[in-house]
Amino acid sequence: MYIQTKYHGEVEIAEDTILSFEKGIPGFPDEKKFTLLSLPDQTFISVLQSVETSALAFVVADPYSFYEKYDFKLDENTVELLDIKGAEDVSAFVILTVQDPFEASTANLQAPIIVNVKTNNAKQVILNEENYKTKHPLFGQPAKG
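Going letter by letter, the sequence shown gives residues 25 to 169 in this note's numbering.
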């Protein structure tokens with residue numbers, strides 16, 4: 025299927041790459057279908073693009089690429105909602121606020137996006153971790169760990 029995107033123009037995506045957010049994303053409860061699009065020359069940074077709203081896209085990253093000791097526990101409701109059977113089912117992403125210069129960019133470590141890579145069910149989880157911030161410096165280690 026073809027979709028219009030914020031950063032890539034029109035792109036073709038496979039149906040099996042669509043992530044389903046049953047309850048939407050906080051602030052966007054009606055946006056339930058997204059896909060991850062890679063950025064040129066970027067290994068750890070992607071775009072989480074709404075399938076239905078071209079203007080809605082988030083720059084996301086693999087948090088472990090920047091914060092090796094990033095650690096949190098998922099609540100039972102999330103584990104059940106996403107049908108997570110084990111750690112191998114899970115992939116995590118954090119939303120970035122990109123700044124100029126890039127070194128000033130921040131990551132939202134308090135609300136990671138959790139994806140069951142086997143089912144493509146996803147949810148943005150709000151953590152109750154005091155050491156993680158919504159605007160943590162991208163090139164600084166979090167206090168935890």
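Since the hints were derived computationally from the structure, they do not count as laboratory data.
Please note that a few of the clues may not be correct.
As the list claims (entries may be wrong) - Heads up, simulated DSS-like pairs for lysine-lysine below, C-alpha to C-alpha not over 25 Å straight-line:
id: 1; residue 1: Lys56; residue 2: Lys142
id: 2; residue 1: Lys93; residue 2: Lys47
id: 3; residue 1: Lys57; residue 2: Lys93
id: 4; residue 1: Lys109; residue 2: Lys57
id: 5; residue 1: Lys142; residue 2: Lys57
id: 6; residue 1: Lys97; residue 2: Lys30
id: 7; residue 1: Lys109; residue 2: Lys97
id: 8; residue 1: Lys93; residue 2: Lys56
id: 9; residue 1: Lys157; residue 2: Lys93
id: 10; residue 1: Lys47; residue 2: Lys57
id: 11; residue 1: Lys157; residue 2: Lys97
id: 12; residue 1: Lys159; residue 2: Lys109
id: 13; residue 1: Lys159; residue 2: Lys142
id: 14; residue 1: Lys30; residue 2: Lys159
id: 15; residue 1: Lys47; residue 2: Lys159
id: 16; residue 1: Lys142; residue 2: Lys157
id: 17; residue 1: Lys30; residue 2: Lys56
id: 18; residue 1: Lys93; residue 2: Lys30
id: 19; residue 1: Lys109; residue 2: Lys30
id: 20; residue 1: Lys109; residue 2: Lys56
id: 21; residue 1: Lys93; residue 2: Lys109
id: 22; residue 1: Lys47; residue 2: Lys109
id: 23; residue 1: Lys97; residue 2: Lys142
What the hints assert, rightly or not - Across the chosen pairs, the derived CB separations fall in these ranges:
id: 24; residue 1: Glu36; residue 2: Pro125; range: 31 to 37 Å
id: 25; residue 1: Tyr26; residue 2: Asn155; range: 38 to 44 Å
id: 26; residue 1: Gln28; residue 2: Val141; range: 21 to 27 Å
id: 27; residue 1: Asp40; residue 2: Pro125; range: 14 to 20 Å
id: 28; residue 1: Tyr31; residue 2: Lys109; range: 32 to 38 Å
id: 29; residue 1: Asp86; residue 2: Ala128; range: 31 to 37 Å
id: 30; residue 1: Tyr26; residue 2: Lys97; range: 27 to 33 Å
Idealized CB from N, CA, C, for every residue including glycine.
Hint check:
1. As the CA atoms of Lys56 and Lys142 are separated by approximately 18 Å, the hinted pair is consistent with the 25 Å bound.
2. Restraint check: the Cα-Cα separation between Lys93 and Lys47 comes to about 29 Å, which exceeds 25 Å; the hinted pair is violated.
3. Proximity of Lys57 to Lys93 is assessed by CA-CA distance (about 30 Å); at most 25 Å being required, the pair is judged violated.
4. Of the supplied pair hints, the one linking Lys109 and Lys57 holds, its CA atoms being roughly 22 Å apart against a limit of 25 Å.
5. Restraint check for Lys142 and Lys57: satisfied, since their Cα atoms lie roughly 16 Å apart, inside the 25 Å limit.
6. Of the pairs offered as hints, the one joining Lys97 and Lys30 is violated, with about 32 Å between alpha carbons and a cut-off of 25 Å exceeded.
7. Taking the CA atoms of Lys109 and Lys97, the gap is near 14 Å; set against the 25 Å cutoff, the hint holds.
8. Between the alpha carbons of Lys93 and Lys56 the distance comes to roughly 30 Å, so the proposed pair goes past 25 Å and is violated.
9. With a C-alpha separation of about 15 Å, the suggested pair Lys157 and Lys93 falls inside the 25 Å cut-off, and the hint holds.
10. Annotation: proposed proximity of Lys47 to Lys57 holds, straight-line Cα distance about 10 Å (limit 25 Å).
11. The straight-line distance between the Cα atoms of Lys157 and Lys97 is roughly 16 Å, inside the 25 Å bound, and the hint therefore holds.
12. Note on Lys159 and Lys109: the hinted pairing is violated, with a Cα-Cα distance of about 31 Å set against a maximum of 25 Å.
13. Note on Lys159 and Lys142: the hinted pairing is violated, with a Cα-Cα distance of about 30 Å set against a maximum of 25 Å.
14. For the proposed pair Lys30 and Lys159, the alpha carbon gap of about 23 Å is at most 25 Å, so the pair holds.
15. Distance hint between Lys47 and Lys159 is fulfilled; the C-alpha atoms sit about 24 Å from each other, no more than 25 Å.
16. Proximity of Lys142 to Lys157 is assessed by CA-CA distance (about 29 Å); at most 25 Å being required, the pair is judged violated.
17. A hinted pair counts as satisfied when its Cα atoms are at most 25 Å apart, and Lys30 with Lys56 qualifies at roughly 17 Å.
18. Annotation: proposed proximity of Lys93 to Lys30 is violated, straight-line Cα distance about 32 Å (limit 25 Å).
19. With a C-alpha separation of about 34 Å, the suggested pair Lys109 and Lys30 falls outside the 25 Å cut-off, and the hint is violated.
20. With a CA separation close to 22 Å, the supplied pair Lys109 and Lys56 stays within the 25 Å bound.
21. Taking the CA atoms of Lys93 and Lys109, the gap is near 23 Å; set against the 25 Å cutoff, the hint holds.
22. Pair hint Lys47 plus Lys109 holds up; C-alpha atoms about 21 Å apart against a cutoff of 25 Å.
23. The hinted pair formed by Lys97 and Lys142 meets the criterion: a straight-line CA distance of about 19 Å does not exceed 25 Å.
24. A beta carbon spacing of about 33 Å between Glu36 and Pro125 agrees with the range 31 to 37 Å that was offered as a hint.
25. Between Tyr26 and Asn155 the Cβ separation comes to about 42 Å, which falls inside the hinted range of 38 to 44 Å.
26. Roughly 26 Å separates the CB atoms of Gln28 and Val141, a value that falls within the hinted 21 to 27 Å.
27. Roughly 37 Å separates the CB atoms of Asp40 and Pro125, a value that falls outside the hinted 14 to 20 Å.
28. For Tyr31 and Lys109, the hinted distance range of 32 to 38 Å is satisfied, since their beta carbons lie about 34 Å from each other.
29. Range check, Asp86 to Ala128: about 20 Å between beta-carbon atoms, so the 31 to 37 Å window is missed.
30. With their beta carbons about 39 Å apart, Tyr26 and Lys97 fall outside the hinted range of 27 to 33 Å.
Of the hints listed earlier, those the structure fails to meet are numbers 2, 3, 6, 8, 12, 13, 16, 18, 19, 27, 29 and 30, in rising order.
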